[in-house]
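There are 2 protein chains.
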Amino acid sequence: MSTDLMPNRFRPGEVDLPKREAELIARRDAVLGSSYRLQYRKPVHFVRGEGMWLYDPDDRAYLDFYNNVPSLGHCHQEVNAAMAEQAGRISANTRYLEPRLVDYAERLVATFPKEINRVVFTCTGSESNDLALRIARLASGNEGVIVSAYAYHGTSAAVAAVSPNLGDAVKLSSNVRVVCLPGPEGVPETQAADFFEAQVKAAILDLKRRGIGVAALLVDSIFSSDGVWIDPPGFIAKGVAAVREAGGLLIADEVQPGFGRTGAHMWGFERHGVVPDLVTLGKPMGNGFPIGAVVGRRAPMDRFGATARYSNTFAGNTVGIATADAVLTILQRDRIPQNALAMGERLRAGVDALAQRHQAIRAVRHAGLFFGIDMGLDTAPPEERRALALDVVNTMRDDGVLISTTGANEDTLKVRPPLVCQAEHVDLFLATFERTLDRVAVNSRSPTSRNAARTRR
Amino acid sequence: MSTDLMPNRFRPGEVDLPKREAELIARRDAVLGSSYRLQYRKPVHFVRGEGMWLYDPDDRAYLDFYNNVPSLGHCHQEVNAAMAEQAGRISANTRYLEPRLVDYAERLVATFPKEINRVVFTCTGSESNDLALRIARLASGNEGVIVSAYAYHGTSAAVAAVSPNLGDAVKLSSNVRVVCLPGPEGVPETQAADFFEAQVKAAILDLKRRGIGVAALLVDSIFSSDGVWIDPPGFIAKGVAAVREAGGLLIADEVQPGFGRTGAHMWGFERHGVVPDLVTLGKPMGNGFPIGAVVGRRAPMDRFGATARYSNTFAGNTVGIATADAVLTILQRDRIPQNALAMGERLRAGVDALAQRHQAIRAVRHAGLFFGIDMGLDTAPPEERRALALDVVNTMRDDGVLISTTGANEDTLKVRPPLVCQAEHVDLFLATFERTLDRVAVNSRSPTSRNAARTRR
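These protein sequence lines are chains H and S, in that order. Counting from 1, position 154 in the first sequence corresponds to residue 154 in the numbering used here; the numbering is continuous, with no gaps. Counting from 1, position 219 in the second sequence corresponds to residue 219 in the numbering used here; the numbering is continuous, with no gaps.
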């Protein structure tokens, strides 16, 4: 595992900066808490956004292939108009009757399997996961939580304590157990489900031996922070069954895969053929407006609501609801998930073709418009692979295309453009990626084809 | 303590509802989690807001003397214009350089004592308190937290666990200790500081005997959920000193008193002559837009930032920043805290005059535009006093004025209008309050003056 919690970040003194950015960073450092990190070796500075593009103060355009919050593109006029119109009318809270809240809640749950028919609104994905853990713990009567080895589920104290991705600086809860994923362990796809089930069962047993029951298996169904380990579809199902048999719930963290990101489905868990007990939503729900939700089955929701009061001042306010409603309308009307599927296939074909010519691409995984592209030879030391990934990301940044890294070793390129991306953007990304590989990985060209093994994992 | 966690709420079957509201409630109950509560015996239904007013579907106006989020009034055009303008330009995140974030952070910390000069943004007051606890625990190396007897600090798991106000349904952390406040215990003002210090020292000793150090004293400086126990100014200072001597921090929860609510000061802690280590912000910061912050001294912020990464996707996004910036501009330009001070004095004089004629008013406490008005005779049983307060609140609701209840026995009227309220609104509130007292408390008239004892506590 990388000991640097965020390798793709600015480190003072590493690069020379223009006076304008150096001065802004100095002012920033003097007033913001030092827990903030700037992305990229040379931080980006944006003052305008539009669709797939972000612009710096000199009006230089950067193609955004990284931000999964503005799924419909930056500064979407129709979404913003809905937000502004509602802000001019009323921003009621959930203790008052207001029809738009109910209308949207009905529309939202209609996108889920019928068992999932209750919703509680929050303001962020972290709040969603925090609340889901509270519900699961109360409903199960248990405290234990099982997560993947490099999971990240958010920033609140309770959620950070089940996020091994945050590293040693953030203490894990004594009630959390981590399980390995089949992909990073090199387990063949045919054995993936059994491997995951065995991992989960071992975690359950270990919890029980310490007198801790299982409250939940909490998973991001595309395992983005683990390095986008999505295949084979269904590999989590047996592990889910084991958790339920032990009295625990399945919480699907859809903050990253949800709202059509995976293309073929509105929700990432659908790829795995399971129906969660609780589903947590966030990032793209309001295309940037702070809104999230916990959606779930009636039984755990009722068990929680019977005794606990949950009142979130801003959550479910009518402005956020109107904004999220506009996002959902556009997602469905403009068939955005279908676009994500088609553009994902185009991007996959392009990356696979590049992988034929560049040994630097070790493996490719994707669902819809969420890609993990492993960099560096299998035989290379982890530090070298990570350095290569960082070089690629920062060379592309300098060339006007935004991506970053993920995974236990942070040697996986994390590529997740807004879902409105078109063929011209995919092609521009691919051209820039190829130019970068030519420049960064000059020694990794290989005439031999490795793609069969490569794209398998 | 009231066993009903939210007495002023809708209970199905208690009152007859019009068909329109009954149908909306049925749809709502079928899709929202049952942890939601509707306010008032007969829920309110609003579809439009403007300044001090909320309007139902029949365009009947209700005077808002309760909502402390839209401090500048509902649907403030200038604030909304700033939000919409920024949403059309860019909504950058904090990993990118963007000058407005820094500009606003500088303006915000300039409103604090000079020792408090660092800020981290969040989306809600709950996130602010959750993060402040994480910082205090890491910076102090301790886990214990001291709060007031009926404190409420938010909804995340970690914060709910230090919120005794949530009642038995939400388990308190084994690391939290509650302290009594001098006011509700009937302690004379001259002894209040010593009493509070003794309470805090006993809590510290109890924590230490169990091997738990003190991370923080976490207080809302107007103790709103305890029943608005604000006096005498400075009564918390000796307790704060004891916490610091034990290695703990002072976290001032300014979600309710902050941004000028107390009139004489921008921040509630200033009334008490203390400078906190960390200050948490929320509710009125964006006049309804979900934004909050932790503001604090450099040392604990640096200690946290040195090892922990805190990345909150939506927090500090440029749209929230532009909105909060407009709010701060208007607060300062239009001298809103000064208005809160003046209107608070006018309201206090009116309530005191009513208290001369109505035994139903037991005591009045206020700072700026945050009022606690205790209902019912000292000699009346708690249930009777609570029922009286509920009758007043719901009679006023039917008469078109919104307030609610607070305090351990929920017999205190909680009155906190938007800070832009004018003399005409104060006078309308007072006229409605008087009419309500005449109607509800017909048996509580008294020709004798009790106001000296009454207004003391």
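Hint data in this document are derived by calculation from the structure and do not stem from the laboratory. Possibly wrong hints are sitting among the right ones.
Where chains are identical, the list cannot tell them apart; a pair therefore holds if satisfied intra-copy or between any two copies.
Pairs of lysine to any residue, SDA-like flavour, derived with a Cα cap of 25 Å [stated by the list, open to error]:
id: 1; residue 1: Lys42; residue 2: Ala306
id: 2; residue 1: Lys19; residue 2: Ala198
id: 3; residue 1: Lys42; residue 2: Gly400
id: 4; residue 1: Lys171; residue 2: Gly141
id: 5; residue 1: Lys42; residue 2: Val102
id: 6; residue 1: Lys238; residue 2: Val275
id: 7; residue 1: Lys171; residue 2: Glu143
id: 8; residue 1: Lys19; residue 2: Leu172
id: 9; residue 1: Lys208; residue 2: Arg333
id: 10; residue 1: Lys19; residue 2: Gly141
id: 11; residue 1: Lys171; residue 2: Asn117
id: 12; residue 1: Lys42; residue 2: Gly13
Since this is a predicted model, take the numbers as computed values, not measurements.
Hints the structure violates: just list their numbers, smallest first.
Structure breaks hints 2, 8, 9, 10 and 11.
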